[in-house]
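Novice: Residues per chain are reported as follows:
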Amino acid sequence: MKKTDKLSVSERISLTLRAYKTIKKYVPGLMPAILIKALVTALHPFATIWFSARILNEIAGEKNLQALIILALSVVIINFIISVVKGRIDILHGERENQMWRYFSKVFADKQLSMDYVDIEDVNIQKRKDKEKYNLFNFGNGLAQFVWTINSTIEGAVSIIASVAMVVTLFTSTSENAVVNSPVWVLAVFAVIVIGMLANSKVFKKNNDMFMAWSERLTPFNRLYGFFGFTLCKDNERAKDVRIYRQDIPADAGLRKLEEREKAERSYYLKYNIGEAAAALVTGLNYVVCYLFVALKAFFGAFGVGSVVQYVGALGRFADGIQKLIYGITDNAVYTIHLKNLYEFLDLPNRKYQGTTPVKKRRDNEYKIEFNNVSFKYPGTETYALKNLSFKFNTGNRMAVVGMNGSGKTTMIKLLCRLYDPTEGEITLNGINIMEYDYIAYTSVFSVVFQDFKLFSFSIGQNVATDIAVDDRKAIDSLSKAGFSERFVSMPKGLDTPLYKDFEEDGVEISGGEAQKIALARALYKDAPFIVLDEPTAALDPIAEFEIYSRFNEIVGDKTAIYISHRLSSCRFCDDIAVFHEGELIQRGSHDALFSDKSGKYYELWNAQAQYYGVR
Amino acid sequence: MSYKPKQYTAISNMLFCLKCTAGYIPSLLLWVAFSVFVKVAIPVLEMYIPKIILTEITAGKSWQGLVIVVLIFTLSLAFLGAFSKFCERCIYDKKNMIGRYYIRLISHKALTTDYANRESENFRTLQEESYQMCQSNESTLRNIYYVWISFFAGVFGFAFYSAILTQINIIILLFLISTTTASYFIGLRVTKWSDNNSAERAKYHHKLGYIDAAAEDIKSAKDIRLYNMEGWLQRIYSDNIEKIAAWYKRYDRLVLKTTLANSGVSLLREGIAYGYLIYLAINGQIGVGDFVLYFAAITGFSGWLGNIIGQLTEMKRISIYVSKIRSYLDYPEIFKRERGISTDEKLYSPCRIELKNVRYRYLGAEVDALRNINLIIEKGEHIGIVGLNGAGKTTLVKLICGLVDPTEGEVLYDGVNIREYNRVEFYRLFSAVFQQYSLLSLSINEVVAEAQADKVDAARVEGCLKTAGLWDKVSSLPHGTKSLYDKGVNDDAVVFSGGETQKLLLARAIYKNAPVLILDEPTAALDPIAEHKLYDDYHNITSGKTSVFVSHRLASTRFCDRIILINGGSIEEAGTHTKLLQNKGLYFNLFETQAKYYRENAESEAALNEEN
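Taken in sequence, the protein lines are chains A and B.
Here the first sequence is numbered in my numbering, starting from 1015 and rising by one per residue.
Here the second sequence is numbered in my numbering, starting from 5 and rising by one per residue.
Be aware that one or more of the hints could be misleading.
Stretch by stretch, here's where chain B covers chain A in the computed footprint (C-beta under 8 Å, at least three residues) [unchecked claim]:
{"hint": "1", "stretch": "1066 to 1080"}
{"hint": "2", "stretch": "1098 to 1104"}
{"hint": "3", "stretch": "1124 to 1131"}
{"hint": "4", "stretch": "1258 to 1264"}
{"hint": "5", "stretch": "1269 to 1279"}
{"hint": "6", "stretch": "1445 to 1459"}
{"hint": "7", "stretch": "1466 to 1479"}
In silico DMTMM-like links for lysine to aspartate or glutamate, alpha-carbon gap of 20 Å or less [to be verified]:
{"hint": "8", "chain 1": "B", "residue 1": "211", "chain 2": "A", "residue 2": "1519"}
{"hint": "9", "chain 1": "B", "residue 1": "211", "chain 2": "A", "residue 2": "1523"}
{"hint": "10", "chain 1": "A", "residue 1": "1248", "chain 2": "B", "residue 2": "123"}
{"hint": "11", "chain 1": "B", "residue 1": "247", "chain 2": "A", "residue 2": "1518"}
{"hint": "12", "chain 1": "A", "residue 1": "1515", "chain 2": "B", "residue 2": "125"}
{"hint": "13", "chain 1": "A", "residue 1": "1495", "chain 2": "A", "residue 2": "1572"}
Hints were generated in silico from the structure; no laboratory data involved.
Ideal Cβ placement from N, Cα and C applies to all residues, glycine included.
Chain B on its own, in the form it takes in the complex (with noise of 0.2 Å):
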């Protein structure tokens, strides 16, 4: 099921540009338009001054006319460079605020895509480049204006400079086009070679930036210093700077031949300008003001050209970075969510879960994750998943709870296969905590009740707290409930350890309060005291609820109504725990495995003994 993205046209892409500067700023575009004039103005006046001054000087009529002459023109450009000043310090704060807007669409649609999409690599990839394009200040869609401004002056001094050229020679324009034309095609040879080896360079940087990241994080830094391991990363390091040396050395061969043709072609333009133009003047048909003029006409001309040429080459590959970001918020959905089925009369009471002959394989895999699964959950039912790591447990759970659809059957819930529900409201049906988290930076509160602070149940916290163990912390916290989580955002945050981030993620979902509960290895970071508190609460946080409770370790689901181990990507046994032993299959053996080492009687001392 590969994807591909869509082919926007350049002139689409740039569109799309325009309607979300127009949808959210308006005024920038304003701006853009003043900048244009102001863009175009100044260089024109600039051109005239020395003309209409030189001109006034050699016909020498009077100092006062002169001094008016002065201070007309060159107060306009003062002015007008001022006035260039300020709009460019508007769209420079105006731009950095449409990239947040950027930010929001691109976040809205990581947060609420199809979680299939998330594990997608082709989908996460298009994200990291739209995050790219409008991260930084410098990035592509934040500066896109910048490009316009230059295209569209470059169609104005364009236009305008040829009205003055045609006056002394057409030929001359003629000229003029085709040099500034070729050395533009010099310089994209340049361009062309570093796109097509950036990634060469782009691979040792990689390296690089994972070193750094590598010697800065936190949880390597005991490695690092018992091992030794300073001098091994700093030589890899080095290595690559040797690479990148080499790189460069390459390129810079390749720059120093292009600009060598490209300054060619521009000496062959003056030295063709100057010579025209001196048989002109020689010839007495151009006075000084107009050899002035028309000299400032000609070196000026290239530039406004290689404005066009050069700003809509950039327009096109700006293209191909818009066109990643609108197939990314493109992104085809499969769940429904308007269309789909309300749960709202489902939220009350628990239903029968089944899944029919599913089978499950991630994007990309070689082997099927999970196979022939045919499971019924009937309501109110407490189920346990066991089975080694990479056994599948997970995956099922995903399945359950619809996070991912199943690559073949169906899983139906209270009879309808959950493909037919509104998704976003079917998961409100369950409670969960997952061994991968997601807390917010708020408050505590908020944290527990995924709310907002006005709309939270402090009492129901309090309880859900109490049940999770978590009460005694956080009520002699100097803020309590109102303390804020995470340090990384929060200088004043409460540190949670392992353990009682387990315990906040099991107050949440009791507070959430959903026919389904569902703990996927809920007891890993918890020590046996808070693990057995657990198990003697299960009972009361899961009654009147349907709950699956996930773990590697045997013993943990045994309080379960019925244990499904799961090996090797499908259900190898099931029943209640008294009954797999009595099997004396997989679980017995397993199960054994680890009992034995809490034997206390003879028979088992001497199994250990044997192995010593």
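Bound-form chain A, shown alone (with noise of 0.2 Å):
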């Protein structure tokens, strides 16, 4: 954090205010807890403050038995009321604030919902993403800050003109001595309490500079920290290796070199927590002249000794109140430079959702995509992953895409799903440009099973549908169709049944061929004219992949097609082959073609791959 950014003071009141309806908006509840906590924490202690004077005054006094069964009666029924309700909204806002972390998630979740792809895999964006949770959840910078001191803020504003009120006496009453009576000692209690309150501010600002760099200066070793601490010792996938390779060796030097770094700080440690001493020091100080203050007056008998009581607690409370309000707004002007942070990278714009044209549901089901000289760099690299890339494709045709890994042929399928849009060139459907359609509509058009696709842990139906609402024989018949329906009768819970064993003890663990297929089942259910398979054999074994293959005329019906493997052998049922090479498309035909050319990528790429099965 530089000392420069500073804001002013209307952008601080906007972006508290924000802070407030994002709090209000995603952690339930919390909001209400700290306004009601706030008011009745700082009123509470005037009560008795004021009344117990009153009792004294009467017992140094009169002994008036009746005035004191009523001032005795009085405070201990606003102190039950006060109880109830405070010990209510402590117990629910302690609670409430405890789960405000899970919430937090969310606000993160839903931008990364909203956010474009690119931006998804652009490492900057993400990097800046990471940032900004780490701050919020390692130090609660930002939105917790607010949880944290909007609270005190409040209470301290109020304790103010509470006190205030409460000592106009104290100032207007007059003794005996005119040395105590002398507006000099009003002036000199105030100048105490600001001098305690500037000190107290100057050194909460220091500290935190403090803080931020010592932060910093830890960042690196904490996150290989969290490597060897966290990541090495609880991703199982990790444990043989650990053993084979005894990576418990590094992983201890590297825990115990961190701690020493760590504890190397010493005199950031002693310089902070002076800082801190010598503030609650000040503080003290005030609280010496107001009584030195109030004792005299007393003295002198400008009021009763019950009236001591109420002025220095009234005057502490002043004291406390200025403290909470001062600690309020200074914080505030740390944690508005973090809320505008995390608001500037809430608000990056989505440029997907620009585009408007719907898409026509054309009935005759005529699709027509061409790709003309589509060049395409993925954001923050120098080297084309696809270069001058121009084909047509039609209705009703089964294409297959080969090549090596790193050919291009997934990143061609991306940017035809619009996941990313080209550097260079353009791609159109029906001879409009895709970026003009609007984008979720657009996206209906395919269905697409990518070779890392994702199931969640709802029900199986659930899944097929990706929604709540799930049409049964819609989605048993994509079941079915995509091979699902041995496994699926076994399930005594049809569609209902849970997929895994997070959240319900019995959801059905599945393998990676049976996710396949009903990943396969997702993509027919949503029964889009364009089905995309990316290498949707790569996890199965021989025997389901040929099942697989020759199934697969039935299982897109009349869909056009896209295939993509690295494997040739999955593609030859296809009459038509490109060929991907080095982000190029390099040779198209269908199998018997390509493998004439004898000189071709395709010829080589096969060999490679069927000499293994004694055949050429």
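Hey, can you piece these two chains together into the complex? The hints should help.
Specialist: Listed below in structure tokens is the structure:
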């Protein structure tokens, strides 16, 4: 954090209000709890202070029994009411605040959901997100700071008002001693309070800067610490290598080194702590001056002894209130900067949703896709993942795309589905640039099964329908088309069977092959005119692979299909095979045609695989 | 073989924490002692100041005397306050350091425990719970010091205040003790209820967390967009929010009831205190100063007693957690370590491995993963293991390298049951590439050599990277083999594709140069050309070693001396590629299924057309 990024008052107010709205939206019940708690906590001590002063005065003075009983009863009853409200709100507020972290994740999850895919894969944007999350979840910067300090800020303001009302008579009353009556005392009392408050806020600022510098210094260490202390130990997939390659040794050494690094920050700890102690001392001195003034005034007969308790108590609350308010305002300057960063991240524009043209669902399913000189570089890289790609593709076509890893096959699909936009050139659907279309409407044209598809731990029916509402017949039909029937009939709860055991005891574990079938069923349920399969058989054993190939036509039906694989044997049944190499489309045609070109890439790839089956 | 956690007493658990603290950062205990002192001294001083000053004022002797009294007492309070803050901060710093210590203990156990324990749900739950106890700044084991401070301050404060109160009336003291205890037990109901019901809320929260993670997972981003899943996920989220709101409604009702009862008790307490003191004051038995003192003592008293009872319960609660971390750290290890046979002499040439009547069943599983396994791997033999997904191939590999012990039967290395070896040393006999891997977040040099930078043989790393086919990429990097691996930890780290990572793993296995080389599906992420290269180099890499090559693609193991086909948990066929094809058994069938697509003859074309 640089010292130069200071925010204007109006900016700070609007950011604080926005934080209020964010908390209200994401953390149910926390905001009202904070407000009530602040109010009750601020007012509570004044009841006791005021009444005990009256009681003491009465005891020191006339000792009127009836008056004493009334006073005692009033304070006891008022305390009862406050205690009921406070007891309840304390517990609820505590619970809500403890749980707030859970809800903060949703702020980032929502942003991620609405973000363009290109931004999701953009390392810089993800780094920014990680930074914002790290700051919030590790230090409470921004939103959590707001939650922590807003109630004490309000509490401070309320305390000041109430205590001022209660000490007015301290300054207006006169004693028999002229020196004590002098207005200089009033000035002195306020001067001490103001000095105390300035000292406090200075220490606070300095310590905060020190803390920021400290955490900045330790950040790289903490990331490595997270790796050795947590990732390496918790990730069960790593456990075999850890033992075979004795990774516990570097882990232990790494952890110890980082511990030493942290302990070595001695001077930071000492300076920070001395600062805090000094601030506390200054606050304590406030108390000394106030007490001295009040006691002397009482000594010279300006008011009764009971009022000593009242004034000292109220002045104490006043200083406390000022301190809280100042703390709140200084802290506000810090957390609004964090909030600004957070909201700048959350407000990053999403370009994808700018298109407006609706995609007409054509009854004849006539869709024509064309790539015109499309080139593409991944954000932040220099090399082209795709170069000058041009091809046409019509309804009813079956195209297989083959090539080595990194040849641009999957990138092409990502561009087609508008997960990315081309760096150069354009892709058109029925003659219109696909960027013109309404994004949601455009994606509804494609059913894609990616190689790294994802299923969720909810019911199998919802996974197929990707909605809470499931069309049962359609879902069962899609599952059976995808070849999942055999397992499906053994599931007692049918479509309601939960996948995996994350939430339900009776959830089912499924193999990689079965998961792929469910993903395929999901694609079929969507019933889009285009179906794209990205290496759909990678997780399958030969038998299951064969099953999918032989039923491919049945599965795809009358849809237009694009099929990606690096196993050439998988593509034999396609009459249109496109060969990608280093980002370019280098060959296209039927298997026979491509195979007859003995100098072509296709021939080379084919032989590399085929020789292990004793055939050429 | 389910493991019951040991029972530890609360006292022994507190002593455990005390011992850890004293061993790692003893100064923390000193600050705790200081804190107890100020925690008692400040309220006592605050209680006496009004009494002394009011008495001084009412006595009305001299203003100089008053000034001196005020200065002495209020200044001491100011300095105590400052010291208290200083103690608090020192404890804060040091308690976070000790969190690191506990994490090191937990991580050490996690990394060195028997591999079989890693597969036990029980162990993993204990591990996760142990982490939670010291992971964050506010976690149980880091905050135990506050509990101790509050408890001991309570004990001293209680003693001091009791002494004051016995001066007025012993009955008042007994009355206060009983009402404070009563309100404590009333409050306990809320804690009990939420303990009993928090699992329900946790379940809803778990789902919220799952949805957040799903929404943020880059891997699900494509599917979420193309299937427009946002609405689905948001609806499940808001369903759960509603369930949580309903939970809070029930909770709030209970909270209201108990606070009413509790406030009632304190109403009674305050009422009686005021009544009795007013009675004493009117009768002239006490002055204003004493009135203030006793009233403060009465209202303050329940706080001290509350601390004692409250912190005792808190320690009991914490003790449950400490028991968990201790049963995790004491989790029984079955493998032999220092007491086992050393493998020093076996490091340089391979030995015979034998599996005798081996049966293996995963913990809690209902069927055997492997059974009737009898297999001899001769020294220097190259074995291929094939089979469908889930046939038991990886389990067999885990048995061979001693990551798990058979449920029945035995595994012999050089004629000795592997249970007899020092297991940590035993692993030195194996170089392995597993499907699930672990690479360290260090430089490529260190990753490949699995050694600290100064112990790396750079020339050998280069050779291994060349053999693995990754040298071109690594040498083109600006920092070469000093480049960092793992983008997650190092911002300027190299990014490797799946295929390149597999090559890196291979390089590491070659560098280790152990007598037995195990490759479990090492080609899954390689493109055909790289795959081909690996097969060509295979004999070079494995010469003079025993090797085990696992694959679900039959063709990829044909160059092995002997191929083992696993089906449904047992060895179905074994022999050379040619022999297995001649057998016309399962191997032949599976091979034909894959091979037919590569056939160029009319016969298979016809077969294909039939299907279409």
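Novice: Of the hints stated earlier, which fail here?
Specialist: none
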